[in-house]
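Number of protein chains: 2
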Amino acid sequence: MADSEALPSLAGDPVAVEALLRAVFGVVVDEAIQKGTSVSQKVCEWKEPEELKQLLDLELRSQGESQKQILERCRAVIRYSVKTGHPRFFNQLFSGLDPHALAGRIITESLNTSQYTYEIAPVFVLMEEEVLRKLRALVGWSSGDGIFCPGGSISNMYAVNLARYQRYPDCKQRGLRTLPPLALFTSKECHYSIQKGAAFLGLGTDSVRVVKADERGKMVPEDLERQIGMAEAEGAVPFLVSATSGTTVLGAFDPLEAIADVCQRHGLWLHVDAAWGGSVLLSQTHRHLLDGIQRADSVAWNPHKLLAAGLQCSALLLQDTSQDKFYDVALDTGDKVVQCGRRVDCLKLWLMWKAQGDQGLERRIDQAFVLARYLVEEMKKREGFELVMEPEFVNVCFWFVPPSLRGKQESPDYHERLSKVAPVLKERMVKEGSMMIGYQPHGTRGNFFRVVVANSALTCADMDFLLNELERLGQDL
Amino acid sequence: MADSEALPSLAGDPVAVEALLRAVFGVVVDEAIQKGTSVSQKVCEWKEPEELKQLLDLELRSQGESQKQILERCRAVIRYSVKTGHPRFFNQLFSGLDPHALAGRIITESLNTSQYTYEIAPVFVLMEEEVLRKLRALVGWSSGDGIFCPGGSISNMYAVNLARYQRYPDCKQRGLRTLPPLALFTSKECHYSIQKGAAFLGLGTDSVRVVKADERGKMVPEDLERQIGMAEAEGAVPFLVSATSGTTVLGAFDPLEAIADVCQRHGLWLHVDAAWGGSVLLSQTHRHLLDGIQRADSVAWNPHKLLAAGLQCSALLLQDTSQDKFYDVALDTGDKVVQCGRRVDCLKLWLMWKAQGDQGLERRIDQAFVLARYLVEEMKKREGFELVMEPEFVNVCFWFVPPSLRGKQESPDYHERLSKVAPVLKERMVKEGSMMIGYQPHGTRGNFFRVVVANSALTCADMDFLLNELERLGQDL
Chain W
380 MADSEALPSL AGDPVAVEAL LRAVFGVVVD EAIQKGTSVS QKVCEWKEPE ELKQLLDLEL
440 RSQGESQKQI LERCRAVIRY SVKTGHPRFF NQLFSGLDPH ALAGRIITES LNTSQYTYEI
500 APVFVLMEEE VLRKLRALVG WSSGDGIFCP GGSISNMYAV NLARYQRYPD CKQRGLRTLP
560 PLALFTSKEC HYSIQKGAAF LGLGTDSVRV VKADERGKMV PEDLERQIGM AEAEGAVPFL
620 VSATSGTTVL GAFDPLEAIA DVCQRHGLWL HVDAAWGGSV LLSQTHRHLL DGIQRADSVA
680 WNPHKLLAAG LQCSALLLQD TSQDKFYDVA LDTGDKVVQC GRRVDCLKLW LMWKAQGDQG
740 LERRIDQAFV LARYLVEEMK KREGFELVME PEFVNVCFWF VPPSLRGKQE SPDYHERLSK
800 VAPVLKERMV KEGSMMIGYQ PHGTRGNFFR VVVANSALTC ADMDFLLNEL ERLGQDL
Chain Z
380 MADSEALPSL AGDPVAVEAL LRAVFGVVVD EAIQKGTSVS QKVCEWKEPE ELKQLLDLEL
440 RSQGESQKQI LERCRAVIRY SVKTGHPRFF NQLFSGLDPH ALAGRIITES LNTSQYTYEI
500 APVFVLMEEE VLRKLRALVG WSSGDGIFCP GGSISNMYAV NLARYQRYPD CKQRGLRTLP
560 PLALFTSKEC HYSIQKGAAF LGLGTDSVRV VKADERGKMV PEDLERQIGM AEAEGAVPFL
620 VSATSGTTVL GAFDPLEAIA DVCQRHGLWL HVDAAWGGSV LLSQTHRHLL DGIQRADSVA
680 WNPHKLLAAG LQCSALLLQD TSQDKFYDVA LDTGDKVVQC GRRVDCLKLW LMWKAQGDQG
740 LERRIDQAFV LARYLVEEMK KREGFELVME PEFVNVCFWF VPPSLRGKQE SPDYHERLSK
800 VAPVLKERMV KEGSMMIGYQ PHGTRGNFFR VVVANSALTC ADMDFLLNEL ERLGQDL
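Chains as they are written, first to last, in our numbering: chain W, 380 to 856; chain Z, 380 to 856.
Looking at chain W on its own, in the form it has when it is part of the complex:
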């Protein structure tokens, strides 16, 4: 009977499966890996949404398509996608294509398992443990716990959840209604996930007390102390401080030692959101930026950012040196997460680390700092660039001052006109596909560019290109 046969899909035909996958892999190598990382190619092929919809023919229909059509679709998907591995992709806190990490990701996908138990993920259960141990060692902890989470926002939420559970174990069962109002503290430069997390966890955004940051973007410990006092005076119970190592826009590092002192005095959980800056711990030269991180109770660190391990790779690390687990293992039997199935996020990082060693990864971090410094010094030599501040990390924030605005700093509409430059240049660079740099207003400052120097394939020539290209794109403004 027909039902006893495998379905007439490729799944029953190993030769056809292999042929399809080899053909797709060929397209990936040519289009995404070779062209996608070549400076002779565009970083993006801009299309307006309506035109792109037509080109992609996204509709899902009743009938399936031929292998030839499917391969065409694969090509189109890659062609019109942004090449985040391209050296001229300066837009996000990740850039570049690490071949070992990509190899790890392809193996992960081919094995398609879930990180539940040793039974169905024996290799990855042991590997995750080892990778987390290594990350903790870099933080400065010889023991502890941790987990890979689906992104830094969720890592931060876990930390908040654990801190409130440690303070009020009852709240897992009874909820927040029976508790006094809780207060957590973070600076105005922190990632917006702290606010979102407070809402999601039922604390409400009002529970987030915003601490002042100085002109460099660093939390002011004296204001933290003051805010704690104010919260207590209002009847709230402070329970957590979230410091940031590497803020999103300015790349600022909060003064962890001074913040840890405050936390110690008040008995507060110290969480460090090092999603962006955590990888600096690999650099003997620069890890002082995170001095004091070993005093944290929890650390969020995303190797998918500066280490280019690939999305998603976000670790929540816990100091947890007590004998007893401080989270409730009764409900979370065996796993420590609010997820059930959980992707394997350790292999890509492990394989890259095996190939590079600590030393190779350290060189990358150091090189990123060197190139960011080179970019800053070159900007100072050119009249069209005005730094927002001297960077301490690899976020380089600056205004491009077009010819018509140079020397007009005293003009009353200077800042308003300057603020309109970045959006125009961004549109031009994206439509040409020559590079991608993000911009944003920030506090009282009008729109400025933020170049993220993260791609390990970058050279000084790419920095020169960036400056020349901005001058070229903005010469008529």
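These are calculated hints, taken from the structure and not from any lab test.
Certain hints may be false.
No copy is singled out in the list; a pair is fine if it fits within one copy or between any two copies.
Unchecked claim - In silico DSBU-like pairs for lysine-lysine, Cα to Cα no more than 35 Å straight-line:
(1) Lys414 <-> Lys567
(2) Lys447 <-> Lys759
(3) Lys591 <-> Lys414
(4) Lys810 <-> Lys787
(5) Lys513 <-> Lys799
(6) Lys810 <-> Lys591
(7) Lys567 <-> Lys447
(8) Lys810 <-> Lys760
(9) Lys513 <-> Lys432
(10) Lys591 <-> Lys426
Let chain W serve as the given structure and place chain Z on it in line with the hints.
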């Protein structure tokens, strides 16, 4: 100067990058795809944790390794991992390897972007919209909203968060403290993520009212009505019912029409956790199991389960036919998620759907039902198998009754001895690597096997093998 050159890693050498990736891909094709799905090969290669640690040499060291060593590591990772694509992997609610979905996953990894904005994910922003539209259409909605989440547990949490926000928009800012005690309702057969989610969201597990299920595992609407009355009498405010379409163990479908009637009478948000059973909507023959789902406010559906799209692929769908968005877009500017960066989870499903069409996917679902039925009927012909119940889905739950226990049903220790059989057989099958089937106790029932008939490469011959293999493994018991 040395710093102006690219680092001496592969990243600067396109030829070496391509050679490495082609070599790794060759290993993936041979080991994970060909051998990993061949019934002449083992489904797993069992090692005790300590031995496996030695074999894998997991430690991350200062020095990097050669390409030859890295390729050996890739081989070892695959060798000792469980082959979830193998036809004899019956262990989880996912099994099989769809080549088009895998192709989509490899492209996703090679493009490594985040689903934030049209600017950096133009193809995937449009594609996600289209895929979600298609899934909503299958639910029965011509409009609405949705998002891909990192797994069904988080999809369920989103639903609870949205429902409480709809009822009390203030709680986002002010938290749960100022609200009356809230109550949500789900059956005792529901997924444990509802309890976990209530804890994580600050509601507390006490807010979850457990509704009775009948002997088939289906929620009893009369008891739901009764529980709502009880909660109200205690001063709690009911706000959500989470019904399940396809429970984890028994594969039961809650009676959605009757539950929707109750929700309508009481003005409650109806969430349907169809993480497992949602894919049945593709089948004209079987979609009646979800009759009434179009009356839900939200639906969680994981195409990474029965459709084998690959982990993770979990959609939260929202009916949301109102003009105004019912979630607060002020805080979540532009995105609708508690994540910041978010993986691309739509391409693998889209590409598979393009290749198969609705028709191809429908055939798979129907075939899984046919094979589950075949397995049940064959069990009835053999004396060593006792069904827990007639399945209505592709979860086939049964005891293997070994020769020494046959005809001893009246013996006082029968159930205790029967309960010990599945763990012994599981150990034997895993150590031989011949197949993997999960088991669990459930309610008052002792350990029984749950075969999940999900792999689209299965045939009747695999079902026969499963029965023969259990008889062989248990012949001496």
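Verification of the supplied hints:
1. When the C-alpha separation of Lys414 and Lys567 is checked against a cutoff of 35 Å, the pair qualifies neither within a copy, at 40 Å, nor between copies, at 54 Å.
2. When the C-alpha separation of Lys447 and Lys759 is checked against a cutoff of 35 Å, the pair qualifies neither within a copy, at 53 Å, nor between copies, at 46 Å.
3. When the C-alpha separation of Lys591 and Lys414 is checked against a cutoff of 35 Å, the pair qualifies neither within a copy, at 45 Å, nor between copies, at 59 Å.
4. Taking CA atoms no more than 35 Å apart as the test, Lys810 paired with Lys787 passes inside one copy only; the shortest distance there is 29 Å, against 78 Å between copies.
5. In the homo-oligomer, the alpha carbons of Lys513 and Lys799 never lie at most 35 Å apart, since the shortest distance is 46 Å inside one protomer and 40 Å across protomers.
6. In this assembly of identical chains, Lys810 and Lys591 lie within 35 Å of each other by CA distance neither inside one copy nor across copies; the values are 39 Å within and 59 Å between.
7. Taking CA atoms no more than 35 Å apart as the test, Lys567 paired with Lys447 passes in neither setting, with 53 Å inside one copy and 49 Å between copies.
8. For a Cα distance limit of 35 Å, the shortest separation of Lys810 from Lys760 inside one copy, 28 Å, qualifies, whereas the shortest one across copies, 68 Å, does not.
9. Taking the closest pair of Cα atoms, Lys513 and Lys432 come within 35 Å of each other only across two copies (15 Å); inside a single copy the shortest separation is 45 Å, beyond that limit.
10. In the homo-oligomer, the alpha carbons of Lys591 and Lys426 never lie at most 35 Å apart, since the shortest distance is 42 Å inside one protomer and 54 Å across protomers.
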